[in-house]
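Participant: So the chains spell out like this:
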Amino acid sequence: MVHTFKFEDILLALDVESGAVHMLDELSFNAVNAVNSGMDPNSLPYPNEDIQDVLNEIEELKSGKMFDCPAPLPVNRGGQNVIKAMCLHVAHDCNLRCKYCFASTGDFHGERKMMSLEVGKRALDFLMEHSGKRKHLEVDFFGGEPLMNFEVVKDLVEYGRESEKKYDKQINFTITTNCVGLNDEIIGFINREMHNVVISLDGRKSVHDSMRPTVNNKGSFDIIVPKAQKLIAERGDKEYYARGTFTSKNLDFAKDVEALVDLGFRQVSVEPVILPENSPYAILAEHIPSIRSQYDLLAKMLLSHRKEGKWFNFFHFMIDLENGPCLKKRVTGCGAGNEYVAVTPDGDIYPCHQFVGHESFNMGSVIDNNLREDIRNKFKECNIETKRACSNCWAKYHCSGGCAANAYIFNGDIRKPYELTCELEKKRTECAIGICIKEREENDKV
Amino acid sequence: MKHIKTVQKSCIDTSVSTGCGECQASCQSACKTSCTVANQKCVNEKK
Ligand code: SF4
Ligand code: SF4
Numbered sequence: 370m371v372h373t374f375k376f377e378d379i380l381l382a383l384d385v386e387s388g389a390v391h392m393l394d395e396l397s398f399n400a401v402n403a404v405n406s407g408m409d410p411n412s413l414p415y416p417n418e419d420i421q422d423v424l425n426e427i428e429e430l431k432s433g434k435m436f437d438c439p440a441p442l443p444v445n446r447g448g449q450n451v452i453k454a455m456c457l458h459v460a461h462d463c464n465l466r467c468k469y470c471f472a473s474t475g476d477f478h479g480e481r482k483m484m485s486l487e488v489g490k491r492a493l494d495f496l497m498e499h500s501g502k503r504k505h506l507e508v509d510f511f512g513g514e515p516l517m518n519f520e521v522v523k524d525l526v527e528y529g530r531e532s533e534k535k536y537d538k539q540i541n542f543t544i545t546t547n548c549v550g551l552n553d554e555i556i557g558f559i560n561r562e563m564h565n566v567v568i569s570l571d572g573r574k575s576v577h578d579s580m581r582p583t584v585n586n587k588g589s590f591d592i593i594v595p596k597a598q599k600l601i602a603e604r605g606d607k608e609y610y611a612r613g614t615f616t617s618k619n620l621d622f623a624k625d626v627e628a629l630v631d632l633g634f635r636q637v638s639v640e641p642v643i644l645p646e647n648s649p650y651a652i653l654a655e656h657i658p659s660i661r662s663q664y665d666l667l668a669k670m671l672l673s674h675r676k677e678g679k680w681f682n683f684f685h686f687m688i689d690l691e692n693g694p695c696l697k698k699r700v701t702g703c704g705a706g707n708e709y710v711a712v713t714p715d716g717d718i719y720p721c722h723q724f725v726g727h728e729s730f731n732m733g734s735v736i737d738n739n740l741r742e743d744i745r746n747k748f749k750e751c752n753i754e755t756k757r758a759c760s761n762c763w764a765k766y767h768c769s770g771g772c773a774a775n776a777y778i779f780n781g782d783i784r785k786p787y788e789l790t791c792e793l794e795k796k797r798t799e800c801a802i803g804i805c806i807k808e809r810e811e812n813d814k815v
Numbered sequence: 007m008k009h010i011k012t013v014q015k016s017c018i019d020t021s022v023s024t025g026c027g028e029c030q031a032s033c034q035s036a037c038k039t040s041c042t043v044a045n046q047k048c049v050n051e052k053k
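Note that the protein sequences, when read in sequence, are chains A and B. Our numbering runs 369 ahead of the 1-based position in the first sequence. Our numbering runs 6 ahead of the 1-based position in the second sequence.
Keep in mind that the hints were calculated from the coordinates and are not lab data. Since the structure is predicted, the reported quantities are computational estimates derived from the model, not experimental observations. The reader is advised that the hints may include incorrect statements.
Computed list of lysine to any residue pairs in SDA-like fashion (alpha-carbon distance at most 20 Å, straight line) [claimed, not checked]:
hint : chain 1 : residue 1 : chain 2 : residue 2
1    : A       : 523       : A       : 494
2    : B       : 11        : A       : 373
3    : B       : 8         : A       : 425
4    : A       : 434       : B       : 8
5    : A       : 697       : B       : 28
6    : A       : 490       : A       : 595
7    : B       : 11        : A       : 422
8    : B       : 11        : A       : 812
9    : A       : 679       : A       : 632
10   : B       : 8         : A       : 562
11   : A       : 807       : B       : 15
12   : A       : 676       : A       : 805
13   : B       : 15        : A       : 813
14   : B       : 11        : A       : 806
15   : B       : 8         : A       : 429
16   : A       : 434       : A       : 392
17   : A       : 468       : A       : 632
18   : A       : 807       : A       : 673
19   : A       : 599       : A       : 673
20   : A       : 434       : A       : 370
21   : A       : 482       : A       : 471
22   : B       : 11        : A       : 538
23   : A       : 676       : A       : 665
24   : B       : 8         : A       : 410
25   : B       : 8         : A       : 402
26   : A       : 807       : A       : 374
27   : B       : 11        : A       : 691
28   : A       : 434       : B       : 11
29   : A       : 807       : A       : 687
30   : A       : 534       : A       : 491
31   : B       : 11        : A       : 433
32   : A       : 434       : A       : 373
33   : B       : 8         : A       : 673
34   : B       : 11        : A       : 739
35   : A       : 618       : A       : 653
36   : A       : 607       : A       : 595
Computed Cβ-Cβ distance ranges for the label pairs, DEER-style [as the list claims (entries may be wrong)]:
hint : chain 1 : residue 1 : chain 2 : residue 2 : range
37   : B       : 11        : A       : 650       : 35 to 45 Å
38   : A       : 411       : B       : 11        : 17 to 27 Å
39   : A       : 449       : B       : 21        : 16 to 26 Å
40   : B       : 21        : A       : 673       : 16 to 26 Å
By construction, the Cβ of each residue, glycine as well, lies at the ideal position given by its N, Cα and C atoms.
Make the full structure from the sequences, and use the hints.
Facilitator: Written out as structure tokens, the structure is:
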């Protein structure tokens with residue numbers, strides 16, 4: 370399978386199975402497209418010998434295994450049952466009332482609740498006991514708003530550090546926070562202990578304030594920004610993301626990315642909201658064309674900013690063509706319900722944070738050390754080789770099969786990817802490859 | 007080649023030795039709402 374596309378002024382072809390990328394001239398672009406659509410390339414309005422040249426070049430690439438490669442044999446995806454990442458819902462409560470919150474403003478459609486230290490310790494023990502030979506483990510403090518239960522976060526990190534020694538593991542702690550509760554002590558702690566911080570901030574003040582009000586229905590932008598800026602200023606080279614959400618009300622979200630960059634954030638991720646079609650904020654099929662052009666705009670902005678020395682990163686435009694993940698990772702994707710689980714304040718286990726509250730996905734409990742293998746197996750078997758839409762999709766090795774939670778929420782089946790997010794994922798993949806190639810070409814010139 | 011310029015050689019590692027699983031779970035890194043793995047690094051900087 371070969372996918373062709375235009376990025377800015379260049380024409381590109383991605384050989385799906387090998388990951389090779391080729392830059393095409395107009396003639397070869399049209400010829401490859403003709404072959405892809407079952408047309409005779411000789412019927413194109415170019416001199417025959419030129420067309421023959423192109424066909425010869427294609428043959429040469431094929432023999433070098435860089436063009437139209439066959440799918441590799443399936444690798445063994447069984448392996449051991451290992452859990453390596455955990456999302457700890459330390460607080461099912463929040464001090465903001467964001468209008469698009471998938472956690473129903475923090476309580477996940479249940480009671481507002483905090484995780485006790487005991488449950489948190491059990492969860493970390495559970496992770497240690499189920500992580501087999503894996504050395505690197507991940508624990509994300511999530512909510513609701515995890516800083517509402519900061520003492521437990523602090524104690525759990527301490528407990529985790531002891532467990533690391535006991536089990537000879539390394540835990541990368543991360544936290545996803547709205548920053549409202551930050552103070553100097555907490556900033557110091559986060560910058561010392563957290564491998565990554567995800568800061569929820571939507572971009573322009575007007576956009577942020579209209580979507581992320583406080584409990585008293587006031588804007589939260591002015592509370593958050595100075596604290597978040599302080600946090601990143603003191604963070605040095607450590608990882609963080611300013612993570613925004615766009616909805617149908619700010620389809621011009623490239624401006625929000627720009628606003629975040631102007632505020633000094635260099636690692637930015639702005640994602641489409643996930644809400645059912647009947648929500649006034651939902652992203653609908655009719656919005657796709659304008660979102661696609663926003664991604665184009667964003668790509669242009671990213672390239673020009675970087676050229677001017679104002680470096681920033683947009684999460685979904687990052688790509689590592691040279692040293693990207695192995696095939697197994699590309700085939701199995703996020704690992705939800707298999708390698709990755711979420712734990713609620715009561716100690717219940719779910720396939721991931723987005724399944725929390727969907728009772729049919731309750732996988733057991735860390736308290737009695739019980740895990741439902743039937744649910745786990747369903748997730749394990751859900752990969753780009755078993756999902757029909759994905760196995761035929763050109764973006765499969767970059768996307769890895771999309772989000773199982775979205776598939777379930779929108780199509781009622783974890784194996785049926787949500788088409789709308791597929792469209793956006795494909796566009797972002799094109800931009801990511803395009804940016805990478807453009808920057809390489811620029812660097813080669815100097 | 008006159009018409010086609012290869013700008014990235016084959017790069018998906020299909021060798022059997024892969025799949026050690028030490029890399030980051032993809033949803034942990036930034037977005038928490040979608041899966042993208044192409045932007046992740048292999049932790050074994052082998053190439
Ligand atoms: S874009 Fe959609 S169809 Fe393609 S791999 Fe991702 S989830 Fe599957
Ligand atoms: S199912 Fe979706 S939200 Fe859950 S871990 Fe996977 S990509 Fe992330």
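Participant: All hints, please: hold or fail.
Facilitator: How the hints compare with the structure:
1. 523/A with 494/A: With Cα atoms ~16 Å apart, residue 523/A and residue 494/A stay inside 20 Å; holds.
2. 11/B with 373/A: holds, 14 Å
3. 8/B with 425/A: holds, 11 Å
4. 434/A with 8/B: holds, 19 Å
5. 697/A with 28/B: holds, 12 Å
6. 490/A with 595/A: violated, 33 Å
7. 11/B with 422/A: holds, 13 Å
8. 11/B with 812/A: holds, 16 Å
9. 679/A with 632/A: Distance of about 12 Å is within 20 Å: holds.
10. 8/B with 562/A: violated, 54 Å
11. 807/A with 15/B: Given pair residue 807/A, residue 15/B holds - Cα atoms ~16 Å apart, limit 20 Å.
12. 676/A with 805/A: holds, 13 Å
13. 15/B with 813/A: Given that 20 Å is the threshold and the Cα spacing comes to 16 Å, the pair holds.
14. 11/B with 806/A: holds, 12 Å
15. 8/B with 429/A: holds, 12 Å
16. 434/A with 392/A: Measuring from Cα to Cα gives roughly 16 Å; hence the hint holds.
17. 468/A with 632/A: violated, 23 Å
18. 807/A with 673/A: This hinted pair holds, its Cα atoms lying about 11 Å apart.
19. 599/A with 673/A: Measuring from Cα to Cα gives roughly 27 Å; hence the hint is violated.
20. 434/A with 370/A: holds, 12 Å
21. 482/A with 471/A: holds, 16 Å
22. 11/B with 538/A: Roughly 45 Å between the alpha carbons, so the hint for residue 11/B and residue 538/A is violated.
23. 676/A with 665/A: holds, 17 Å
24. 8/B with 410/A: Roughly 17 Å separates the two Cα atoms, so the pair holds.
25. 8/B with 402/A: Given pair residue 8/B, residue 402/A holds - Cα atoms ~18 Å apart, limit 20 Å.
26. 807/A with 374/A: Holds: residue 807/A and residue 374/A sit about 14 Å apart, inside 20 Å.
27. 11/B with 691/A: holds, 17 Å
28. 434/A with 11/B: Roughly 15 Å between the alpha carbons, so the hint for residue 434/A and residue 11/B holds.
29. 807/A with 687/A: Roughly 13 Å separates the two Cα atoms, so the pair holds.
30. 534/A with 491/A: Holds, because 17 Å separates the two Cα atoms, which is no more than 20 Å.
31. 11/B with 433/A: holds, 13 Å
32. 434/A with 373/A: Holds, at roughly 17 Å.
33. 8/B with 673/A: violated, 29 Å
34. 11/B with 739/A: With Cα atoms ~55 Å apart, residue 11/B and residue 739/A exceed 20 Å; violated.
35. 618/A with 653/A: Holds: residue 618/A and residue 653/A sit about 12 Å apart, inside 20 Å.
36. 607/A with 595/A: Holds, because 19 Å separates the two Cα atoms, which is no more than 20 Å.
37. 11/B with 650/A: 35 to 45 Å: holds, 44 Å
38. 411/A with 11/B: 17 to 27 Å: holds, 23 Å
39. 449/A with 21/B: 16 to 26 Å: This hint holds: roughly 20 Å between Cβ atoms.
40. 21/B with 673/A: 16 to 26 Å: violated, 39 Å
This entry does not satisfy hints 6, 10, 17, 19, 22, 33, 34, 40, going by the numbered hints stated previously.
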